[in-house]
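Q: Below are the chains, spelled out letter by letter.
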Amino acid sequence: MNTTLFKRELRSSYKLWLIFIAILAMYISVIISMFDPKLGETLDLFAKAMPEMMSLFGMGETGATLIDFLSNYLYGMLMIVFPMVFIIMLANRLVVAHVDSGSMTYLLASPNTRRKVALTQMLALLSMTFVLLVICVGIAIGVSEAMFPGALVIGDFLWLNLGLACLLFALCGYCFFISCISNETGKAVMFGAGVPTFFYLVQMLANMGGKLADLKYATIFTLFNPKAIIAGDTSAWWMCGALVVIGAIFFVVGIARFEKRDLPL
Amino acid sequence: MIKINHLTKDYGQKRGVFDLTFEVQRGEVFGFLGPNGAGKTTTIRHLMGFIHPNAGNCSINGLDCGTHSAEIQRNLGYMPGEIALPDDMSGLEFLHFVADYRGVTDWARVEQLMARFELDARGNLKRMSKGMKQKIGIVCAFMHDPQVLILDEPTSGLDPLMQSHFIDLVLEEKAKGKTILMSSHIFEEVERTADRVGIIREGHLVTVDSVAALKAAQRKRYTVSFASEKEAREFAKEPLAVDFVKGKDVTVTVNDFQPFVAAMSRYTVVNIVAVEQSLEEIFMHYYGK
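If you read the sequences in order, they're chains P and D. Numbers 3 to 267, taken from our numbering, label the letters of the first sequence in order. Numbers -7 to 281, taken from our numbering, label the letters of the second sequence in order.
It is possible that some hints are incorrect.
To be verified - These stretches of chain D come out as covered by chain P in the derived footprint (C-beta under 8 Å, 3 or more residues):
| # | segment |
| --- | --- |
| 1 | 38 to 46 |
| 2 | 63 to 71 |
| 3 | 77 to 88 |
| 4 | 93 to 101 |
What the hints assert, rightly or not - Mimicking SDA-like on lysine to any residue, the simulated pairs with C-alpha atoms at most 20 Å apart in a straight line are:
| # | chain 1 | residue 1 | chain 2 | residue 2 |
| --- | --- | --- | --- | --- |
| 5 | P | Lys17 | D | Met81 |
| 6 | D | Lys212 | D | Arg184 |
| 7 | P | Lys17 | D | Asn116 |
| 8 | P | Lys9 | P | Ala99 |
| 9 | D | Lys122 | D | Ile159 |
| 10 | P | Lys9 | P | Leu121 |
| 11 | P | Lys262 | D | Ala47 |
| 12 | D | Lys240 | D | Ile264 |
| 13 | D | Lys118 | P | Asp102 |
| 14 | P | Lys9 | P | Trp19 |
| 15 | P | Lys262 | P | Ala250 |
| 16 | P | Lys262 | D | Leu55 |
| 17 | D | Lys118 | P | Arg95 |
| 18 | P | Lys262 | D | Ala62 |
| 19 | P | Lys118 | D | His60 |
| 20 | P | Lys17 | D | Glu85 |
| 21 | P | Lys262 | D | Glu63 |
| 22 | P | Lys262 | D | Tyr3 |
| 23 | D | Lys125 | P | Gly104 |
| 24 | P | Lys262 | D | Ile43 |
| 25 | D | Lys125 | P | Ser103 |
| 26 | P | Lys262 | D | Thr0 |
| 27 | P | Lys17 | D | Lys118 |
| 28 | P | Lys262 | D | Thr59 |
| 29 | P | Lys118 | D | Phe89 |
| 30 | P | Lys9 | D | Phe89 |
| 31 | P | Lys213 | P | Tyr202 |
| 32 | P | Lys9 | D | Met81 |
| 33 | D | Lys118 | P | Gly104 |
| 34 | D | Lys125 | P | Ser105 |
| 35 | P | Lys229 | P | Val139 |
| 36 | P | Lys262 | D | Gly48 |
| 37 | D | Lys6 | D | Asn46 |
| 38 | D | Lys118 | P | Ser15 |
| 39 | D | Lys238 | D | Ala228 |
| 40 | D | Lys212 | D | Ile264 |
Simulated from the structure, these hints should not be mistaken for laboratory data. Don't be surprised by glycine CBs; every beta carbon is placed ideally from N, CA and C.
Sequences are here, hints too, so could you generate the full structure?
A: Printed below as a string of structure tokens:
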């Protein structure tokens, strides 16, 4: 890793990072403040009244405990979609944007190998993504403890986030892969954002149940299953392991491709 | 030493480079000339390891450009033809970044180079003119005192004074025994520094020759302006190689100066302008002989 480049990338993206943390901090606080064991009953009424609408957003069954509530309302969409958008944007900035603008020339016209440059950018992506997640977890625990002391089972909550970390790792791998093999930012955004968004939409449809439930086999988001993680199912961890493997394969192939291919510089 | 050996990269539609072979020796400045789109930058991109050839290979100081680019880069200075700089930094920040990134410890040399080119790099890169960016590119290429220099149209965008500073710098580096490849589409840009020149056209190396030989082959043309059109018409009848008459102007190709000067002395000459020859004309003439 080249520390000069690593620091430079952190400096040039920290504003974007702070914006995402601020947005997530707001949603986390608002959602937690909405928690009310009695509200759970109300939402259950909603779920009974219009089940399709609620399940579309992964809010099928509401739980009575705070962690069930969070896994429904936070880990069904917000904590997936916002980090996903951040990953798509950052992965593009780190590789393809440099290639497209030509500033990659200066990164490669140096004693640093392409692999070293790519690994540095990968570490920048992973560290910003995971520090973002850690901060969100900290905020969630802090807000929960402040508003509902003792209500959150912190151990389970951390496991839940470890599962989410596996999903984000897979997304990082995919977006980084796209960024490494593309020459133009536009196309990279199309594939980098398009495929995950498509998978997420498939997931939304699969959530609706019935015949559409089978669609869950057509999206990688199925591999992150908050309920199974909280329940302590071993299958949940097999699926998380699969996410890590998917992410690792994308990173390895993306970097290998970046090392070998012709660059339009 | 730079060695290019049967280098071929075919982009289709006759674009690319085809079976290119030449060498640049240590202590030599090699002028790499060709019109826009002839394949100069494509060749340079191979030397930089950005792209890989379909056939043939190239090496710098014995290391293959495709597989050992990072090692080669340790001792190589590069100025891209199109300078793309990040837009969220000041010039000075960028130079500090490049120096740190490369592991350059001698900041004094950076300051010398900045002073030499009167570069005030404090402004934001986004708002810099082409010439300013070009100066930043020069500092980046020379800051680590590299043994090999690859300069892609280095003087474009520089004003004449800075161009002459740049030529001095290149001559100094040459005297220190550096290996320098410099591309351009204008012969005059490299004639003061280069020992030898290679001309590339539509991807094929047309010729490699000494600058002296090319200069000898260069036709000298002048446009002379007279006080009246009548005088111009009469001057055109003199026994000179007149190319054409246009109003009060007569364009002449001069092989021997004495009769040309003698003829002019009999008329009222208002102005004399040397006609710059395009690269195409130089080598057309070179082959015409």
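Q: Take a quick look at whether Lys262 of chain P and Gly48 of chain D sit within 20 Å of each other, Cα to Cα.
A: Since the Cα atoms of Lys262 of chain P and Gly48 of chain D sit roughly 17 Å apart, the hinted pair holds (cutoff 20 Å).
Q: Within a Cα-Cα threshold of 20 Å, do Lys262 of chain P and Glu63 of chain D meet the stated pairing?
A: Given that 20 Å is the threshold and the Cα spacing comes to 16 Å, the pair holds.
Q: For the pair we were handed, Lys125 of chain D and Gly104 of chain P, check the Cα-Cα distance against 20 Å.
A: Within the cut-off at roughly 14 Å; holds.
Q: Does the alpha-carbon distance linking Lys262 of chain P and Leu55 of chain D stay inside the 20 Å limit?
A: 17 Å, holds
Q: Taken at face value, is the distance from the CA of Asn116 of chain D to the CA of Lys17 of chain P at most 20 Å?
A: 18 Å, holds
Q: Within a Cα-Cα threshold of 20 Å, do Lys125 of chain D and Ser105 of chain P meet the stated pairing?
A: 13 Å, holds
Q: Are the Cα atoms of Lys213 of chain P and Tyr202 of chain P separated by 20 Å or less?
A: Holds, at roughly 18 Å.
Q: Is Lys9 of chain P close enough to Trp19 of chain P, meaning Cα to Cα at most 20 Å?
A: 14 Å, holds
Q: Decide if the proposed pair is consistent with the structure: Lys262 of chain P and Ala62 of chain D, CA atoms, cutoff 20 Å inclusive.
A: 13 Å, holds
Q: With a cut-off of 20 Å on the C-alpha distance, tell me whether Lys9 of chain P and Phe89 of chain D pass.
A: 10 Å, holds
Q: When you check the alpha-carbon spacing of Lys212 of chain D and Arg184 of chain D, does it fall within 20 Å?
A: 17 Å, holds
Q: Are 3 or more residues of the segment 63 to 71 of chain D near chain P, judged by a Cβ distance of less than 8 Å?
A: It holds, with 5 qualifying residues against the three required.
Taken one by one, the earlier hints all hold for this structure without exception.
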